Amino acid sequence: EDRLVKNYYKRWSTACICDSHAIRCTCGRNHDLGKPLSRKPVTASKDELRRNNRSRSAKLRTFIFKG
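In the working numbering, the protein residues as written are 1 to 67.
Hint data in this document are derived by calculation from the structure and do not stem from the laboratory.
What you are looking at is a predicted structure, and each value in this text was computed from that prediction instead of being measured.
Keep in mind that a hint or two might mislead.
Claimed, not checked - The list that follows gives simulated cross-link-like pairs (lysine to any residue, SDA-like), each with its CA atoms no further than 20 angstroms apart:
{"#": "1", "residue 1": "K10", "residue 2": "D32"}
{"#": "2", "residue 1": "K59", "residue 2": "V42"}
{"#": "3", "residue 1": "K59", "residue 2": "V5"}
Turn these sequences into a full structure, and let the hints steer you where they fit.
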């Protein structure tokens, strides 16, 4: 699930939506929806892991939309 979110964030923050096989850009490069707040996901701290063992698999990613 984290990879899906990561890939969508990457796609949403890309400025060009032209086909990857296109020779040059024809879209005007103004289609990005925003940007990720941080590159790495936020994970549980050691204290949280000690108190809540199930939190070890949790990852939080943030995205800031334009507008």
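(request) Given the hint that K59 pairs with V42, test it: the Cα-Cα distance must not exceed 20 angstroms. (result) With Cα atoms ~6 angstroms apart, K59 and V42 stay inside 20 angstroms; holds.
(request) Assess, step by step, whether the Cα of K59 is no farther than 20 angstroms from the Cα of V5, and give holds or violated. (result) Measuring from Cα to Cα gives roughly 10 angstroms; hence the hint holds.
(message) Between the alpha carbons of K10 and D32, is the straight-line distance 20 angstroms or under?
(response) Between K10 and D32 the Cα gap is close to 10 angstroms, so the pair holds against 20 angstroms.
The structure agrees with every numbered hint stated previously.
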